[in-house]
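Residue strings, one per chain:
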Amino acid sequence: MEGEVVLLDFWPSMFGMRTRIALAEKQIKYEYREEDLRNKSALLLQMNPVHKKIPVLIHNGKPICESLIQVQYIDEVWNDRAPLLPPNPYQRATARFWADFVDKKIYDLGAKVWRTKGEEQEAAKKELIECLKLLEGQLGDNPYFGGKDFGFVDVALVPFYCWFYTYEKFGSFSIEAECPKLIAWAKRCMQKESVAKSLADQEKIYDFVLHLKKALGIEDEVAKETVRAAETAGFFRVVNFMDSAILYIKVKWGILSSSMVRSSCKVIALLEGHAHQRAQEVSKFRL
Amino acid sequence: MAEEVVLLDFWASPFGIRVRIALAEKGIKYEYKEEDLRNKSALLLQMNPVHKKIPVLIHNGKPICESNVQVQYIDEVWHDTAPLLPSDPYQKANARFWADFVDKKMYELGSKIWRTKGEEQATAKKGFIESLKLLEGELGDKTYFGGENLGYVDIALVPFYCWFYAYEKCGEFSIEAECPRLMAWVKRCMQKESVANSLPEQEKVYELVLRAKKILGI
Numbered sequence: 169m170e171g172e173v174v175l176l177d178f179w180p181s182m183f184g185m186r187t188r189i190a191l192a193e194k195q196i197k198y199e200y201r202e203e204d205l206r207n208k209s210a211l212l213l214q215m216n217p218v219h220k221k222i223p224v225l226i227h228n229g230k231p232i233c234e235s236l237i238q239v240q241y242i243d244e245v246w247n248d249r250a251p252l253l254p255p256n257p258y259q260r261a262t263a264r265f266w267a268d269f270v271d272k273k274i275y276d277l278g279a280k281v282w283r284t285k286g287e288e289q290e291a292a293k294k295e296l297i298e299c300l301k302l303l304e305g306q307l308g309d310n311p312y313f314g315g316k317d318f319g320f321v322d323v324a325l326v327p328f329y330c331w332f333y334t335y336e337k338f339g340s341f342s343i344e345a346e347c348p349k350l351i352a353w354a355k356r357c358m359q360k361e362s363v364a365k366s367l368a369d370q371e372k373i374y375d376f377v378l379h380l381k382k383a384l385g386i387e388d389e390v391a392k393e394t395v396r397a398a399e400t401a402g403f404f405r406v407v408n409f410m411d412s413a414i415l416y417i418k419v420k421w422g423i424l425s426s427s428m429v430r431s432s433c434k435v436i437a438l439l440e441g442h443a444h445q446r447a448q449e450v451s452k453f454r455l
Numbered sequence: 048m049a050e051e052v053v054l055l056d057f058w059a060s061p062f063g064i065r066v067r068i069a070l071a072e073k074g075i076k077y078e079y080k081e082e083d084l085r086n087k088s089a090l091l092l093q094m095n096p097v098h099k100k101i102p103v104l105i106h107n108g109k110p111i112c113e114s115n116v117q118v119q120y121i122d123e124v125w126h127d128t129a130p131l132l133p134s135d136p137y138q139k140a141n142a143r144f145w146a147d148f149v150d151k152k153m154y155e156l157g158s159k160i161w162r163t164k165g166e167e168q169a170t171a172k173k174g175f176i177e178s179l180k181l182l183e184g185e186l187g188d189k190t191y192f193g194g195e196n197l198g199y200v201d202i203a204l205v206p207f208y209c210w211f212y213a214y215e216k217c218g219e220f221s222i223e224a225e226c227p228r229l230m231a232w233v234k235r236c237m238q239k240e241s242v243a244n245s246l247p248e249q250e251k252v253y254e255l256v257l258r259a260k261k262i263l264g265i
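Which chain is which? The protein sequence lines are A and B, in order.
Residues in the first sequence are numbered consecutively from 169, following the working numbering.
Residues in the second sequence are numbered consecutively from 48, following the working numbering.
These aren't lab readings, by the way, just hints derived from the structure by calculation.
Keep in mind that a hint or two might mislead.
Below, computed lysine-lysine pairings styled on DSS-like, alpha-carbon distance capped at 27 Å [to be verified]:
{"hint": "1", "chain 1": "A", "residue 1": "Lys272", "chain 2": "B", "residue 2": "Lys87"}
{"hint": "2", "chain 1": "A", "residue 1": "Lys273", "chain 2": "B", "residue 2": "Lys151"}
{"hint": "3", "chain 1": "B", "residue 1": "Lys152", "chain 2": "A", "residue 2": "Lys230"}
{"hint": "4", "chain 1": "A", "residue 1": "Lys272", "chain 2": "B", "residue 2": "Lys100"}
{"hint": "5", "chain 1": "B", "residue 1": "Lys180", "chain 2": "A", "residue 2": "Lys272"}
{"hint": "6", "chain 1": "A", "residue 1": "Lys294", "chain 2": "B", "residue 2": "Lys100"}
{"hint": "7", "chain 1": "A", "residue 1": "Lys273", "chain 2": "B", "residue 2": "Lys152"}
{"hint": "8", "chain 1": "A", "residue 1": "Lys220", "chain 2": "B", "residue 2": "Lys152"}
{"hint": "9", "chain 1": "A", "residue 1": "Lys197", "chain 2": "B", "residue 2": "Lys139"}
{"hint": "10", "chain 1": "B", "residue 1": "Lys159", "chain 2": "A", "residue 2": "Lys272"}
{"hint": "11", "chain 1": "A", "residue 1": "Lys294", "chain 2": "B", "residue 2": "Lys99"}
{"hint": "12", "chain 1": "A", "residue 1": "Lys294", "chain 2": "B", "residue 2": "Lys151"}
{"hint": "13", "chain 1": "A", "residue 1": "Lys301", "chain 2": "B", "residue 2": "Lys99"}
{"hint": "14", "chain 1": "A", "residue 1": "Lys294", "chain 2": "B", "residue 2": "Lys87"}
{"hint": "15", "chain 1": "B", "residue 1": "Lys180", "chain 2": "A", "residue 2": "Lys220"}
{"hint": "16", "chain 1": "B", "residue 1": "Lys139", "chain 2": "A", "residue 2": "Lys230"}
Kindly produce the complete structure, drawing on both the sequences and the hints.
Pasting the structure below:
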């Protein structure tokens, strides 16, 4: 009855985790395929030509895109076990509303917390906490957002839990201190095998973001100087960052002083091309 | 079975129009309450405390927020007439995907067309037309996105039609020239009473945009 189920995904993606959890809840066997977002597979581009993003669920060769749509699809096809959406239309509408709220708020605010500094970061932290508190309010005294049982909103939100550590480290704050009931809920969810097996390790996420920030944080001026100096010195070495196509030009001895600099049009053009490429690479990490 | 249905709305909102069409398709009687968005009613703030936005559908005193959630709710509660979503899970997922696509693209790009100028406007126009062309591709040879009958994606998209005139005037382009098949679909939809009665006049929307531009100083 299952047919063939394939999931195109990227290990740190909260959206992919939602689908993993839903498949695990329903005990569906599937093939997990890791995508390199800087080098997307032909299959991914063919199965999601509109957005070219993961996760993509492929059921008997047919693609379903967008994580919440995938979770609903899984719930509707495998409707004989572990229901994720409630049977009552009003409760269903409420569940969809809060899953949509998570979609509208948590990802972008979380990204601002680790990407920005100063006032922008403070504003993002404040709003993120406000949103998490609203969710706490919605949870109330229930063990799960789905009430007695784990449900749609739980699936939508819990993947962000493995990113909280990263938000906290970069934002220098404690989500648990602000939202203890929500963290208690997250820990409760983590006791479920479907959740524990689907979420990535929070330290691995933090490492991943550290590398990403480094790639983002390369100052063009420093790199330009480095390249000028390298060209002057007659050699340069290309070092791969994160085993990826992001190129970072580095002089063998380290960064030379600007007094040795002499600009080279060809080299600067090369660097500017890379800066543009780097911006494109980073945008691919928009999960 | 006394059902009380109230819709808090704003006449020009494409999102509100979606709900009006869905209610009309199902033949549901309801009370329409116009909101002044610069002076939101206590009822609106009470019924949608999270976003404080219209439309809000209130059914027997209980609020439902977000237009696509409302349309699905209407379809599920009044499930015995005019089905809006297909019954097949795959087709349902496909319909949800394209309604989500409309949500991701139309409002933001359309807003940029009337709010901005120069390069930003040109980029928005390009993105807008590309999105409409993708939708044309999804429509294919069908009468409606829903097939033989008006469906979820039709309802998600057609409300933006009353804004096309404003976009065209502000952006100095013709949507019909670029997307004739989509405009043919629009005209078919407008022949349906549920749609024609739910969309405001495009000239009135354009006047609203001109007023907004004056206030915003753009």
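Broken hints, by number: Structure breaks no hint.
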